[in-house]
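So the protein lines, in turn, are chains A and B. If you use this note's numbering, the first sequence closes out at 354, no skipped numbers anywhere. If you use this note's numbering, the second sequence closes out at 1041, no skipped numbers anywhere.
Don't take each hint at face value.
Said to hold, decoys possible - Just some of the chain A residues that point at chain B, by a computed CB distance under 8 angstroms:
{"hint": "1", "residue": "107"}
{"hint": "2", "residue": "126"}
{"hint": "3", "residue": "128"}
Worth flagging that the hints you see were computed from the coordinates, not collected in a lab. For each residue, glycine too, the CB sits at the ideal point set by N, CA and C.
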Amino acid sequence: MNEPSVERPIALLRETAARVAPAREPAVLMDEVLAATTDPFFAAESPLGTVYVAAGPEGVRFLEPAASEEEFASRYRERFGRFVSPAGGAEVADLAEKVAAALAGERVEVPLDLSRATPFQRRVLGVVKGIARGEVRPYVWVASEAGAPGASRAVGNVMANNPVPLLVPCHRVVRNDGRTGSYAFGAGEKVRLLRLEGVEPEEISGSPYVATPTTGIVCHATCRNAKRIQPHNRRAFRSMRAAVEAGFRPCEVCRPVAAA
Amino acid sequence: METETRKTDATPEPDPLAARLADGDPSAPGALVERHYMELYRYAYAVLREERAAEDAVQDAFERAFGALGRYPEGRLRAMRLRPWMYTITLNVARNRLRQRREVPVEEISVVESAASDEGREGVMDALDALGRLPERQRVAVTLRYLQDLPYAEISGVTGWPEGTAKTLVRRGLMRLRKMMVVEDTRGDQR
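Let the sequences and hints guide you as you build the complete structure.
So this is what it looks like as C-alpha cells:
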C-alpha cells in the first residue's frame, strides 16, 4: 500500500517522530513517574532476621520478614494495591537509617504511614507503639487505652494484621492471663523476642499483676514500679479483679484495668 | 473509543514484563516506565503539542496504569498486553486534556501554541498540524502507524478496530495528507 504518492507524508511523519523529544532530561522525567506511581522499599536486619520495609508518603507503611524481594513485593501489592520499586532518594535513606536503629533496639522515633488503617486500628497501633522495651501489656489494657474497653478480641485482630511489626511492638501484647499467646510469625518467636528484650515470659504467665502492701498499689508485672518491689513484699495476682478485691489500687504509671 | 466492541485479541503474545510485574519483580515497574516513556511522550505530544502538557499527560497515564495494575489479580496481570493498553490510556488522557483546553478562552491557547513553535520545530509543528487536520479516526490510525511505528495488530489492540479498518483509515489519512502537501507546495510556488 506504500504507493509512491504517500511516501512523502510517511517520510515526513517518520522524520517528525525522530525529532519529538521532551525538553527535560528523560531520565529525570522517568524518575518522577516512578516516584509518583510506586512506593520505595528496602531491606533491614531485625531480631526476626531480614525484613523488608516499604514506605508511604508519611513514613513506614509495611514491614515483613520475607524469603525474597519478590515475595515481599507481591505481599505488598496484595495488601496495598501498589507496586514497590527499589529505594533511591535521600529521604528514604534517612528513613532506612532510622528503621535500622529502631530494629537494633535503639530508642528512635520512626515515622509511620498508617493512612490505610481505620481510626480504631490507628488508635490501637498508637497505644501499642508506646509499650516500652522490656515490658508487656495485656489485650484488655490496650483496648481500654484505645478508648474501647472490653474490645480485647478486636485488639487481637489488629495485632494479627499489624502492618509494621517490631516498629509497633505487637509482640509485647500478651493474653489477659499473662500467657504470651499467639504471634503472626509464630508463638515461639514471640517468646524469643520478649526474652531478647529482658522479659521472662514464665514469670508473667498466670501472674501478670504484682502488688506491694507498702504502697497498696498493683502494677503490671513488667511496670518499672513493679520491678522495684522487694521480693518479700511481692504479691502476684492472676487478675486485676483479684488484686482490687484484696484492697490494692491501680498504679498511675501503668494503669492496669480489670478484664470485662 | 470503542473499547466495548473490541474484538478478541488477535495475537495473545505474552509480555515478559507483565509476568515480571505479576511475579513481584521490584525492577519491573521501572522497566515498564523506561520501555514506554519516550513513545508515549511522542504520542501525547502529537495530540497536545506542548511539552509540559505532554509530560503531565504521560505521568497521569502511568499513574492510572499502575493504579489499575496494582489491583489486578496475578493471573490477569500476567496476561496483560501492556503496550497497546498503555497507548489506550495515554490516548484517553490526552484527549480529555485537549477537550479541557478547548474550554479555555482562545487567547490563552494562542499563547501556548506560539510558545511551542520555536524555530527549528517548525517542520515538526507543520507535520503535527497536518495530522491535526485529519478526521479523528484517520488521525489516530496514521499517528499510531507512522509516528509511533506500531504494527497493525497493536493498532487494533489500542483502538479496538479490526486490522482491515485500521489499514483503510491509514490509507485514507495518508492520501489526505498528501493532498494537503500538494496544496502547500502550490502556495509556496506562488510566493
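Quick rundown of the hints versus the structure:
no. : hint : in the structure
1   : 107  : holds, 4 angstroms
2   : 126  : holds, 7 angstroms
3   : 128  : holds, 6 angstroms
Hint violations for this structure: none, all hints satisfied.
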